[in-house]
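Make the full structure from the sequences, and use the hints.
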Amino acid sequence: MRVRVSPFWALCAVAGVVLVTFVALPAASMIAGAGAGLLGEALRQDDVRRSLVLTVVAALITTVIGFAVGVPLAYLLARKEFPGKRVVEGIIDLPIVFPHTAAGIALLTVYGRQGVVGRLLEPLGITFTENVAGIVLAMIFVSLPFLVDGARESFALVDPRYEHVARTLGSSRFGAFARVTFPQAWRGVLAGALLMWGRGISEFGAVVILAYNPKVISVLTFERFEGFGLRAAQPPSVLIVIVAFVVFLLVRSFLVPRRRRSGAGER
Amino acid sequence: MIELRGLEVKAGGFRVGPVDLTVADGSYGVLLGPSGAGKSLVLEALAGVLPAAAGEVRLAGADVGGLTPERRRVGLVFQDGLLFPHLTVARNIAYGMRGRDGREAEVERLAEAVGVHDLLDRHPATLSGGERQRVALARALAARPRALLLDEPLSAVDPEARESLQDLLRRVCRERDLPVLHVTHDRDEAFALADECHVLIGGRLHQQGRPLDVLRRPADAAVARFLGARNVLAARRDPADPSVAVLEAGGRLGVARPLPDGAVTVVIRPEDVRLSAAPAAGAPAATVTRLTLQGGHVLVGLDAPAPLEALVPAAELEAAGIGVGHEVAVSVRPADVHVLTAG
Chain A
1 MRVRVSPFWA LCAVAGVVLV TFVALPAASM IAGAGAGLLG EALRQDDVRR
51 SLVLTVVAAL ITTVIGFAVG VPLAYLLARK EFPGKRVVEG IIDLPIVFPH
101 TAAGIALLTV YGRQGVVGRL LEPLGITFTE NVAGIVLAMI FVSLPFLVDG
151 ARESFALVDP RYEHVARTLG SSRFGAFARV TFPQAWRGVL AGALLMWGRG
201 ISEFGAVVIL AYNPKVISVL TFERFEGFGL RAAQPPSVLI VIVAFVVFLL
251 VRSFLVPRRR RSGAGER
Chain B
1 MIELRGLEVK AGGFRVGPVD LTVADGSYGV LLGPSGAGKS LVLEALAGVL
51 PAAAGEVRLA GADVGGLTPE RRRVGLVFQD GLLFPHLTVA RNIAYGMRGR
101 DGREAEVERL AEAVGVHDLL DRHPATLSGG ERQRVALARA LAARPRALLL
151 DEPLSAVDPE ARESLQDLLR RVCRERDLPV LHVTHDRDEA FALADECHVL
201 IGGRLHQQGR PLDVLRRPAD AAVARFLGAR NVLAARRDPA DPSVAVLEAG
251 GRLGVARPLP DGAVTVVIRP EDVRLSAAPA AGAPAATVTR LTLQGGHVLV
301 GLDAPAPLEA LVPAAELEAA GIGVGHEVAV SVRPADVHVL TAG
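Protein chains in written order, with our numbering: chain A, 1 to 267; chain B, 1 to 343.
Since the hints were derived computationally from the structure, they do not count as laboratory data.
Since this is a predicted model, take the numbers as computed values, not measurements.
For each residue, glycine too, the CB sits at the ideal point set by N, CA and C.
Hints may be right or wrong, so weigh each one.
Footprint (simulated), chain A over chain B, 3 or more residues, beta carbon under 8 Å [as the list claims (entries may be wrong)]:
| no. | segment |
| --- | --- |
| 1 | 95-109 |
| 2 | 244-258 |
Cβ-to-Cβ under 8 Å is the rule here; a few derived chain A residues that face chain B [said to hold, decoys possible]:
| no. | residue |
| --- | --- |
| 3 | ARG161 |
| 4 | HIS164 |
| 5 | SER171 |
| 6 | PRO183 |
| 7 | GLN184 |
| 8 | GLY205 |
Given below as C-alpha cells:
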C-alpha cells in the first residue's frame with residue numbers, strides 16, 4: 001500500500017531539515033575539526049578545566065539566584081493586575097534586546113568600583129569586577145527574562161480557582177502555592193531555569209566587560225582565538241557545547257510528562 | 001447556617017447586590033440565575049476568595065467577614081471538580097483533613113459515602129465528570145466544613161449520572177445537617193434540589209421562595225421569562241368587566257381576581273395553555289405556526305392573534321391530529337393566569 005504524504009506536512013518537514021542542518025552543521029564541523037585527541041589534550045589543560053567548571057558553576061549560581069527572585073515575581077505577574085505592570089514586564093524583558101556589551105557597560109556604571117552601588121559596597125569588601133560575583137551578576141542580567149517569562153506563562157496556565165479550593169481546605173496563600181500551584185507549573189519553571197542556565201554559560205559580552213578574569217569558557221575561547229588562532233580556540237568551545245547539549249537532553253527528557261498509569265485519554 | 005446581609009460584590013465595572021439570604025442547617029438553597037448574573041461572585045465572596053464591597057457574611061452565627069478563606073471553613077465544589085491533577089483521588093480527599101491520626105480510614109469512609117471507594121489510587125485525568133464531582137464533594141467534606149458551596153456542580157456531568165448525584169447532594173445536606181448554597185443557571189436542576197430558590201438576575205435578587213411558588217408566581221417579568229413562562233403579555237383591564245384582561249396584541253383573557261385599573265402584565269406558562277382541534281363556537285381560535293419537540297412534549301407556536309406558546313404532551317397532539325397551519329381552539333383557566341401589576 002502506498003502511503004501518501006500531504007504536501008503540507010512535506011513542506012513542514014523540509015523546513016525542519018533545513019533548520020536542523022543549519023544549526024547542527026557548524027556544531028558538528030567544530031567537533032570534527034577539534035578531533036578526539038585535541039579534546040583530550042584540552043581536558044588535561046588546567047586553564048580549560050578550571051574555565052569549564054567556573055562557567056558551569058557560575059551559571060548554576062546564576063540560576064539558583066534567578067529562581068529565588070524570579071519565581072515570586074513571575075507568580076505576581078501571572079496572578080495580579082497592578083498599575084505599571086506592563087512597564088515592569090517591559091523592564092524584565094529589556095536585557096533580551098540589550099546588546100550584551102552595552103549591558104556590561106551599563107552594569108559597570110552601577111556595580112563598578114566607581115558605580116553608584118559599587119562605591120557603597122566596596123568598603124564592605126564586596127566588588128563585582130574581575131571575580132565570580134561579577135560573572136554571576138552579568139549572567140543574571142542577561143538571562144533572567146528567560147526564567148521569569150517561562151515561569152509566568154506556566155503559572156498563568158494554572159486556574160486560580162485551584163488555589164481558591166485549596167484555601168477553603170485550610171491552606172494558607174503560601175501553602176496553596178506550594179502544594180497546588182507549583183506542582184502543576186514546575187515543568188514550565190524548570191524549562192525557564194534551564195534556558196536561564198544555558199543563556200548564562202553562553203554569555204560573553206557582558207561578562208568580558210565586568211570580569212575578563214577569571215575566564216569563563218567564552219572569554220577563554222576568545223582569548224585563544226586572538227592569541228593562537230582557530231585551532232587553539234576550538235577545544236574549549238567544543239567542550240562547553242558538548243556539556244550543554246548533554247545537560248539539555250537529560251533535562252528535556254525528564255521534562256516530558258510521564259504517561260498516566262491507567263492510560264485513559266488525556267483531556 | 002449561612003446568612004448574607006446586604007452583601008455587595010464588585011468585579012470590574014459589575015456590581016452584585018445587595019444580597020440578603022439565609023440558608024438554615026440541613027437546608028438546600030439554590031442561587032438561580034442566567035449566566036453573567038453574578039452568582040459565582042456571591043459564592044466567592046462567601047468563601048472569602050473575593051472581598052465583599054459591603055455587607056455581612058455570617059456562618060454558624062459568627063461574622064466571618066474579616067476571616068481569610070482558610071479560616072472560614074466552607075466546602076467549595078466547582079463545575080469541573082477542579083481536583084488537584086498531580087494527586088491521586090485518595091490524596092485529593094485527604095488534602096484538607098485536620099490531624100494526622102486515622103486519615104486513611106477517614107478517606108475510605110468518605111470515599112464509600114460518595115461512592116468512589118474503588119477509585120482511590122486513580123489520577124483525576126482518568127475519571128468521568130460524575131466521578132470527579134463525587135471526589136470533589138468528599139474532599140470538601142473531609143475538611144469538616146460549616147457550609148457547602150457548590151458552583152454549577154452538575155453542569156459538566158452526563159445526564160445519566162446527574163440524577164444520582166442530585167440524590168447524593170440532597171442526602172449529604174440532610175444527613176450532615178449542613179447548609180448548602182448551590183449556584184446554577186439550570187431551572188430544572190434548581191427545582192429538583194431546592195428547599196428555597198433565590199433568583200439572581202443582572203446582579204440583583206429578584207425573588208426568593210419555595211420552588212413551586214417561584215415557578216407559579218414569579219415576582220416580575222424578568223423572573224417569569226427566565227423560568228420559561230414564555231407567555232408574558234402586556235394587557236389592561238376591560239372597562240366593562242374587571243375580571244377580563246384585554247391583551248395589547250389582541251384577544252381577551254379571563255382572570256381569577258378583579259384587575260386593578262391601568263396597565264398590567266399577564267404571565268401564562270405554556271403548559272397551562274390548552275388546545276383542542278375543533279374550534280368550538282365562541283372559543284378564541286388560533287393558528288398553529290410552529291411545532292418544536294421537547295422531550296416528550298411539543299412546544300406549539302400559536303397566532304391567537306397575540307403570539308402564544310403552548311406545551312402539550314406529544315401523544316395528545318398526535319391523537320388530536322394538530323399540525324402547522326391548523327386552526328385550533330385555545331383556552332386558559334383563569335386561575336392559571338398570573339397577573340403582575342407593577343412594572
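Against chain A, does the segment 244-258 of chain B show at least 3 residues with beta-carbon separation below 8 Å? violated (count 0)
Chain A over the segment 95-109 of chain B, status - at least 3 residues with CB closer than 8 Å: holds (count 3)
Quick one, is the A:HIS164 hint okay against chain B at 8 Å, beta carbons? Hint on A:HIS164: holds, closest Cβ of chain B at ~4 Å, below 8 Å.
Can A:SER171 be said to touch chain B, with a Cβ gap under 8 Å? Where the cut-off is 8 Å and the nearest Cβ of chain B is about 6 Å from A:SER171, the hint holds.
Could you check if A:GLY205 really has its C-beta closer than 8 Å to a C-beta on chain B? violated, 40 Å
Please verify that hint: A:GLN184, Cβ, nearest Cβ of chain B, below 8 Å or not. holds, 6 Å
A:PRO183 as an interface hint toward chain B, with CB separation required under 8 Å: It holds, given that the least Cβ distance between A:PRO183 and chain B is near 5 Å, below 8 Å.
Status of the A:ARG161 interface restraint (C-beta, 8 Å, chain B): Holds - the Cβ of A:ARG161 comes within 8 Å of chain B, reaching about 6 Å at its closest.
Violated hints, listed in ascending order, are 2 and 8; each of the other numbered hints is respected by the structure.
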